[in-house]
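A.B. asks: The task is simple: from the sequences and hints, build the whole structure.
Numbering-wise, the sequence shown is residues -22 to -1, 1 to 103 according to mature numbering (1 follows the signal peptide of the UniProt record, and there is no 0).
Careful: at least some of the hints might be erroneous.
[What the hints assert, rightly or not] Cβ pair distances, simulated, as ranges: (1) THR78 / THR37: 15 to 23 Å; (2) GLU75 / GLU27: 12 to 20 Å; (3) ARG103 / ASP26: 29 to 37 Å; (4) LYS40 / THR78: 12 to 20 Å.
It is worth saying that the hints were derived from the structure and are not from the lab. For each residue, glycine too, the CB sits at the ideal point set by N, CA and C.
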Amino acid sequence: MKTSIKILSLLFITLIAFTSCSKDDDPADNDLFLGKYEGSVAFNGPDDEDVSESNGSVTVTKVGNNYTFNFSDGIPTLGDITMEKGDNSTLVFSDGELGTIRITASRLTIAYARDNRVWTADCSR
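C.D. replies: This is the structure we're talking about:
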C-alpha cells in the first residue's frame, strides 16, 4: 500500500513538473519582457521637439493588456498600446496611428507615429 502511494505521488509530481516547464514559452505570455531596455531612442515632434540619444532607455510597464513605454531623455511617454497575450509584436493602423512595436525578453524595437509625433527605439537588455 505504501509503495503504491509513493509511486502515485511520484507520478503526480512528475506530471506537474513536465506541464509547468515548457520550452516554447512566449515572453509575452509570461511578462518576461517588462522592465528596462537600453540603446538608441529618438523622438520627432511637431514643434521642433526632436530628441535623439544613442545611450537612452525605455522602461516597459503593463496594466491589463495595455502597455506603456517610458522613454528617457525627456521623450514623451508612449502609452495605451494594446497587445494581446501570446503576441510579442503589434502593427497599428488606425485613428492617425501607424507603427510597429516588436518586443522579446532581450530586445525592443519601436517605430511608431501618432498625432504628428514619431517615437523610435532600438534597445536590448
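A.B. asks: Could you run down the list of hints and mark each one as holding or not?
C.D. replies: Results for each hint:
no. : hint                       : result
1   : THR78 / THR37: 15 to 23 Å  : holds (19 Å)
2   : GLU75 / GLU27: 12 to 20 Å  : holds (18 Å)
3   : ARG103 / ASP26: 29 to 37 Å : holds (31 Å)
4   : LYS40 / THR78: 12 to 20 Å  : holds (18 Å)
Comparing the model with each earlier hint shows no violations; every hint is respected.
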